[in-house]
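Peer 1: If you want the building blocks of each chain, they are given just below.
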Amino acid sequence: MSVQTLDRVVIRFAGDSGDGMQLTGDRFTADAAVFGNDISTLPNFPAEIRAPQGTLPGVSSFQLHFANYDIMTPGDSPDVLVAMNPAALKANISDVPRGGLVIADSNEFTKRNLAKVGYETNPLEDDSLDAYQVYALDLSGMAIAAVKEFGLTRKDATRSKNMFTLGLLCWMYDRETAGTEKFLTEKFADKPVIRDANLAAFRAGYAFGETTEAFANQFHVGKAPAAPGRYRQITGNRALAFGLLTGAYKAGLPMFFGAYPITPASDVLHELSKHKRFDVTTFQAEDEIAAIGAALGASFAGHLGVTSSSGPGVALKSETMGLAIMTELPLVICDIQRAGPSTGMPTKTEQSDLLQALYGRHGEAPLPVIAAQTPADCFDAALEAVRWAITYRTPVMLLSDGYIANGAEPWRLPDVSEIAPIDPEFATETNGTDAKDNATFLPYKRDPETLARPWAKPGTAGLEHRLGGLAKADGSGSISYDPENHDRMVRLRQAKVDRIVREVPDVVVDDPDGADVLVLGWGSTYGPITAAVRRVRAAGGRIAQTHVRHLNPPPANLGEVLQSYRRVIVPEMNLGQFAMVLRAKYLVDVESYSRVRGLPISLSELADDLLDIVQN
Amino acid sequence: MTQTSPDQNSPAQTSSAKGLNRVPLAVTPTTRKDYTSDQEVRWCPGCGDYAILAAFQGVLPELGIARENAVVISGIGCSSRLPYYMDTYGMHSIHGRAPAIATGVATARPDLAVFVITGDGDALSIGGNHLIHTMRRNVNLTILLFNNRIYGLTKGQYSPTSEVGKVTKSSPAGSVDAPFNPVSLALGAEATFVARTVDSNRKHLSEVLTAAAEHRGTSLVEIYQNCPIFNDDAFTVLKDRDSAADAIVPLVQGEPIVFGAENQWGIVRTATGGVEVKEVAEVGLENVLVHDAHDPDPTTAFALSRLTDAGVLQRSPIGIFRSVERPAYDDLIREQVETAVGSDPADDAMVNDLLAGSDTWVAAEA
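Protein chains in written order, with my numbering: chain A, 8 to 623; chain B, 3 to 368.
Bear in mind the hints are in silico, worked out from the structure with no lab data behind them. Hints are not guaranteed to be accurate.
What the hints assert, rightly or not - Calculated pairs, DSS-like style, for lysine-lysine (alpha carbon to alpha carbon, straight line, at most 27 Å):
| hint | chain 1 | residue 1 | chain 2 | residue 2 |
| --- | --- | --- | --- | --- |
| 1 | A | LYS281 | A | LYS198 |
| 2 | B | LYS35 | A | LYS443 |
| 3 | A | LYS162 | A | LYS189 |
| 4 | A | LYS198 | A | LYS230 |
| 5 | A | LYS162 | A | LYS198 |
| 6 | A | LYS283 | B | LYS20 |
Values in this document were obtained by computation on a predicted structure and should not be read as measured data.
Let's have the full structure, built from the sequences with the hints guiding it.
Peer 2: What follows is the structure, encoded as structure tokens:
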């Protein structure tokens, strides 16, 4: 038996949605990350909790890319497909390149299961998979045998097949087993029989790899070079929750998080609900409107109000965003985008809420918009959203999407003591005089530098004031129907948001070869675009790349950058929403590259297309 | 962290009323004038809202709380203008959303006395969902529901409390919508304090509002409020000197429920568990139902609420239908957070530990 060294491997675990594929993938990822590989993941699961067993709609998969270098995406095509049943094979085999490895649970390839997905003959036995290296193994049978001594029901015994499979893969890829053993011991601490059965199945899978002669090789993927520091593996939704929490902590404010469950944003609620220790209150509201309403109420009361949702929920919140803009209170709105419109494909990704985020409100209602680029970047993006919301007394929209929300990557841990504090600067004294020359509080008297208005907490004597949705007189905040005042206030609110550009760093263009084509993206396309650009350059193409994180206000140099290239290509998972904004704002003939499949843009397809563009 | 919130700085002395027990008391007693803002009141002449505003401004000083700790949140509609006229913290928010916004305020800050001002359209139509869920949770709020049985601000369309057949601009052939009975709705939504009062009865209005503010949990007070412009006859039977005595059924805790000019009418239980009106002389005072708002079972309160004909309002109980104790949502959720935070707030090391989790690795200098 020899160990073959590889630079990178993409494994896709696929099975029935009840087969535990997400857990298996998560565990393998955690072990790879702790070992020191760079990692990137793509969970892909049906919206149905338990679609009919063994059917194509019920297939759930988890793709993991791990490598000994800095990788950008979970990979387009798996080198290894683990198929726990015929449906999983059928749904995924077309993505596996010829020569790829297929490990299938032969036990599940019964006549009945084959018929469910329209296989007339068993693909493990006919010649249809000749182009692949196929290992048809009785994974379920071996798992059941491994846990026999624990006296489990057949159903429970069968469920241990995912741990058997994980054990086998751990052996194949030369992984440490301690991490998964510790995980299982802790997860099933209250259920010793289940704990021991899972450990037994996991060890049996590893031992099977070691003793069988079925496999010619073990594979080894070395550590990836990384900036010095302490790392952990993190998903985008958890990083986003941590960014919000850290922002509130650095501001010295309790956080009030209002949300209504919605895919793929619910994990932010789940995560924050665990962290009451950090003065975080989570409110599971009766609907999306109450979620943002209560958050705004908490901000009025002097806490940091935050709400999160996905496209349809954000649409419901838009009326309250109008009030938040009018009352000029801090608020963070997280939109974890998914494929729309309407219910669309809730578990699939998309970037199609951009125009909703920028413009989807009644009236002239500007607010800052920040888009996270990678799972770990969700932390920084959320922290920045909190900083802007508090400093400028404004709702801030934070964009993420299903791809980075559920995907994971290594994250170099920040040191919280090195993060700049955020000063809420609550008003404590009167700041003006009324018509009778008495000292009074003017809730709309702005800071000349930031144009932010003072934030006075209820309970502060002498600063009693009323906010509301009706047009405000500049300074006093009293109801005003004066045309000139309205015009001035509309422009002041816009100017306040525009002024945040002073916080926005210029975009940096990566252009080592003096290219005349620029590829520009925003949000989660960062990974696929960067990987595609690398391929283009490796093939000899000259191409420049930049990525926009601050969508409103955009970086000051963006127009100049756009104008300095012959062609600008903007890949997006929508029909060209940012391209339209850029064309309108900068009068530059940018070209939209649009894919709306509910999946991240394919890096190989993008690389091929970009290479065509730069070579012509 | 250097920031402190007023809840930490507040004077040690807080109200003894359950509903206000973490709200600081005024150092020097306040008066109605202290609660009057500099804004000119702009309701139509003769509007019932004036009387309610005056009563409310009179009740707040009596509660003894610090003025800066009173917060008044409204939705949209004629009644929802009220916060502008109160010199307190306040917000004139969004149509139907006041209970949601107030839930955030009340949950964030136990030291605030939070009032919601709403109307029949605001609370029962566009904001129906927030209203019922607020009552279900029992958030510590006092809700003043101004029921004029019409849309006033939008100039006279039928509302969810208008009677069937009501002819309005949007129902020229008569409305076919069946109305809500707000008291029945609140009882069904598990409200712990439900009362009804009338704009024109200042004393009763003030008593009910005081009891509502002092109740811990959601207090829903339906206030019959006259709209002289679009629905002037809505409460005529209840207000007309000749008919009022036979139409208004006062609910007094611990007293037999009797009414009429000579208290000749009494409420008695029916064989099937409902209630009905009988002549006291016929059934005997000892058989008249004694009012008990503290009954844990809401069945009798509900039966009493059904005495009100939701159509033409020929008869209506006023007073406190129900007042029972149940833990308030905001107290419970704050308790979870306060227990978790304990006596020492989080520090940098704890946040760093949280971010790191249990599985980390170190990449050394290359």
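Peer 1: Confirm or reject each hint.
Peer 2: Consistency of the hints with the structure:
1. A:LYS281 with A:LYS198: It holds: about 22 Å lies between the C-alpha atoms, which stays within 27 Å.
2. B:LYS35 with A:LYS443: Since the Cα atoms of LYS35 (chain B) and LYS443 (chain A) sit roughly 17 Å apart, the hinted pair holds (cutoff 27 Å).
3. A:LYS162 with A:LYS189: holds (24 Å)
4. A:LYS198 with A:LYS230: At roughly 35 Å apart (the allowed maximum being 27 Å), LYS230 (chain A) and LYS198 (chain A) break the hint.
5. A:LYS162 with A:LYS198: Given pair LYS162 (chain A), LYS198 (chain A) holds - Cα atoms ~16 Å apart, limit 27 Å.
6. A:LYS283 with B:LYS20: holds (26 Å)
Going down the numbered hints, you'll see the structure goes against just number 4.
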